[in-house]
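Asks: These are the residues of each chain, in order.
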Amino acid sequence: MTTRKKPEVWKKDSSFCPGCGHGIVIRLIAELIEEMGVKSRELHAVGCACNLNGCWNDPQLQCPHGRAAAVAVGAKACEPDDLVFTYQGDGDAYVIGLSETMNAGYRGNITSIIINNNNFGMTGGQMSWTTLPGQTTTTSKKGRDALKEGEPFKGPELLSQFENVKFAARGAVYNPAEVNKTKALIKKAFELQMSGEGYGVVEVLCGCPTNWKMSPVDSNKWIEDAVTRYYGLGIIKDETAKILKEAI
Amino acid sequence: MSETVLMKGNEAVAEAALRAGLDFYAAYPITPQTEILEYLSKKMPELGRVCVQADSEITAINMIMGAAYTGKRVLTSSAGPGISLKQEGLSYCAANDLPVVYVDVQRGGNGLANMGSCQTEYKREVTGGGNGDYHAIILAPASVQETADMVSLAYELAEKYRNIVGIMTEATIGQLVEPVTFKEAVDPASLPVPSWAKTGKMISSSDEPIKPRIKDAKPKADRAKYFQMKEEVQMWESTNVDDADYVVFAFGAPSRVVYDALLILREEGQKIGMIRPQTLWPYPEKALEELKEDVKGLISLETNCTGQMLPDVALARDLHFKDRHVPVYSCAYIVLDRIPTVMQVVDDIKAIISGQTEEAY
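Which chain is which? The protein sequence lines are A and B, in order.
In the numbering used here, each number is its position in the first sequence, counted from 1, plus 59.
In the numbering used here, each number is its position in the second sequence, counted from 1, plus 148.
If you are wondering where the hints come from, they were derived from the structure by calculation, not from laboratory data.
Because the structure is a prediction, the values reported are computed rather than measured.
Quick reminder that beta carbons are idealized off the backbone N, C-alpha and C, glycines included.
Treat the hints with care, as some may be off.
Claimed, not checked - Lysine-lysine pairs mimicking DSSO-like chemistry, simulated, CA-CA at most 27 Å apart:
id: 1; chain 1: A; residue 1: 246; chain 2: B; residue 2: 346
id: 2; chain 1: B; residue 1: 346; chain 2: A; residue 2: 247
id: 3; chain 1: A; residue 1: 65; chain 2: B; residue 2: 366
id: 4; chain 1: B; residue 1: 366; chain 2: A; residue 2: 71
id: 5; chain 1: B; residue 1: 373; chain 2: A; residue 2: 70
id: 6; chain 1: B; residue 1: 346; chain 2: A; residue 2: 71
id: 7; chain 1: A; residue 1: 70; chain 2: B; residue 2: 346
To be verified - Taking beta-carbon pairs under 7 Å as the criterion, some of the chain B residues facing chain A (in silico):
id: 8; residue: 194
id: 9; residue: 198
id: 10; residue: 233
id: 11; residue: 342
id: 12; residue: 346
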């Protein structure tokens with residue numbers, strides 16, 4: 060068994076709910092920043108990501124709900140050598156911030172890490188564009204009616220249509236194998252940005268036991284059995300091979 | 149000092165900002181300020197700086213928030229409803245104590261509004277505009293030269309107080325071509341990187357990262373900062389106020405009409421003066437110290453239909469004249485597509501002097 064050292068940027072314990080996927084993803088990002096030895100900046104939005112405040116010991120900026128990608132593009136323009144990424148939820152990046160997310164993908168050179176937990180977590184579990192058909196939330200009490208309220212929204216698939224988007228992928232953190240795969244996906248997206256070529260997005264399926272009203276174990280099982288049927292895991296678009304080779 | 153050139157107010161904003169060391173500009177096209185974007189989209193790449201035509205006003209303000217966070221000099225500009233869209237971002241800039249500078253070339257009226265030379269955005273600008281508990285310093289130039297001068301001043305003030313500074317012009321000032329002399333250009337690379345840049349630290353909590361929840365320290369420091377700015381930043385220009393029986397308060401383009409009206413009224417023996425606020429927040433309350441003790445009335449003159457500046461004149465009056473009542477009158481021009489003529493202003497002031505116009509406050 061190997062023990063992992065706690066990354067320096069992880070200042071103190073976060074206040075995410077027990078069983079939440081956020082903590083795992085943040086840990087992966089923190090480890091990657093250390094392993095890759097990059098100067099970093101974090102930019103994130105409101106919602107559950109607010110729980111990062113105080114535990115993240117690295118430059119970060121609180122952005123308006125939905126606008127983090129625009130803020131990140133501005134920062135990246137001024138500091139092209141920095142690793143600039145957004146850390147957003149699905150409600151943030153795909154609902155209120157759809158325009159900012161798409162426009163960043165359209166021409167920005169940043170990385171978006173988007174946590175998809177199929178609901179609005181921070182506000183108490185309302186329906187998101189990523190809520191599954193039939194899934195109950197506080198604003199879809201009889202289950203989401205896809206005919207009236209839309210089919211689950213697929214952000215990385217949509218973003219991958221843009222020429223500027225060089226890497227789009229979806230990971231999950233419901234078991235150790237997927238955690239390791241997700242780390243590799245995020246690493247590739249970061250490497251892409253540091254090579255100076257285009258935009259990368261990694262969506263990560265995460266459990267939200269508190270709002271789903273499930274145990275953490277059941278949440279992980281539900282992601283594996285139900286969520287991945289709509290949200291396929293793996294690489295959606297990858298043009299990094301050529302870019303990264305040239306960069307070396 | 150460089151040579152004097154003829155230039156539009158909007159282009160002067162752009163050129164002055166470049167010379168002040170502007171590193172990052174983002175904006176969305178909207179009349180009557182688009183010349184700023186057009187000018188900078190040509191010049192900034194030539195200088196190796198970044199100009200972005202953003203996909204919305206919302207994106208533009210958020211981009212400059214991210215850019216300001218790196219400690220660079222930034223600018224966005226818009227007009228009317230475009231500045232309304234920026235209010236969310238401006239409130240976040242205030243929350244993060246970012247020294248952001250923006251230019252508002254006002255439009256006339258509500259909603260889409262028109263291209264008239266109006267002052268219908270006073271109320272929004274001086275109250276902070278977005279949600280929360282903050283103020284932007286608002287500068288109001290009355291000429292192309294003053295517009296250029298206020299751009300470099302805006303950066304100095306923004307960085308001194310770590311506060312938002314807005315330059316509020318209007319269609320006439322933005323489109324007017326006048327002689328202007330610019331300051332020597334500053335190389336952005338020569339500007340010191342602020343100690344707070346990229347640290348995510350607020351002014352009031354130097355050892356803590358930004359936290360979204362309001363702590364005691366932040367509102368207390370904000371309160372102290374806003375009082376300090378109110379004390380230190382008030383700016384105005386006064387004309388013939390020492391012996392004036394009536395004093396007109398007017399800013400921006402209409403103040404130039406008032407200036408001519410005063411000359412005519414003086415020739416007719418009427419002692420009228422003018423205080424032209426150059427800062428609208430903080431409002432130049434101290435200017436009233438220049439007034440004579442037995443002044444008969446104050447007149448708020450502006451080009452909007454509700455008299456948006458009027459309450460600020462009345463409050464300044466209350467602060468200064470504690471022992472007697474000095475009436476405050478309103479000349480709010482409701483013709484939204486143009487500024488009043490000199491003779492219209494002369495007639496309206498005469499109506500006040502002769503008692504035909506009722507006091508407003």
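Asks: Are the hints correct? Go through all of them and say.
Replies: Verification of the hints:
no. : hint          : result
1   : A:246 - B:346 : holds, 23 Å
2   : B:346 - A:247 : holds, 25 Å
3   : A:65 - B:366  : violated, 31 Å
4   : B:366 - A:71  : holds, 22 Å
5   : B:373 - A:70  : violated, 30 Å
6   : B:346 - A:71  : holds, 20 Å
7   : A:70 - B:346  : holds, 17 Å
8   : 194           : violated, 16 Å
9   : 198           : holds, 4 Å
10  : 233           : violated, 11 Å
11  : 342           : violated, 13 Å
12  : 346           : holds, 5 Å
The structure fails hints 3, 5, 8, 10 and 11 (numbered hints given earlier, in ascending order).
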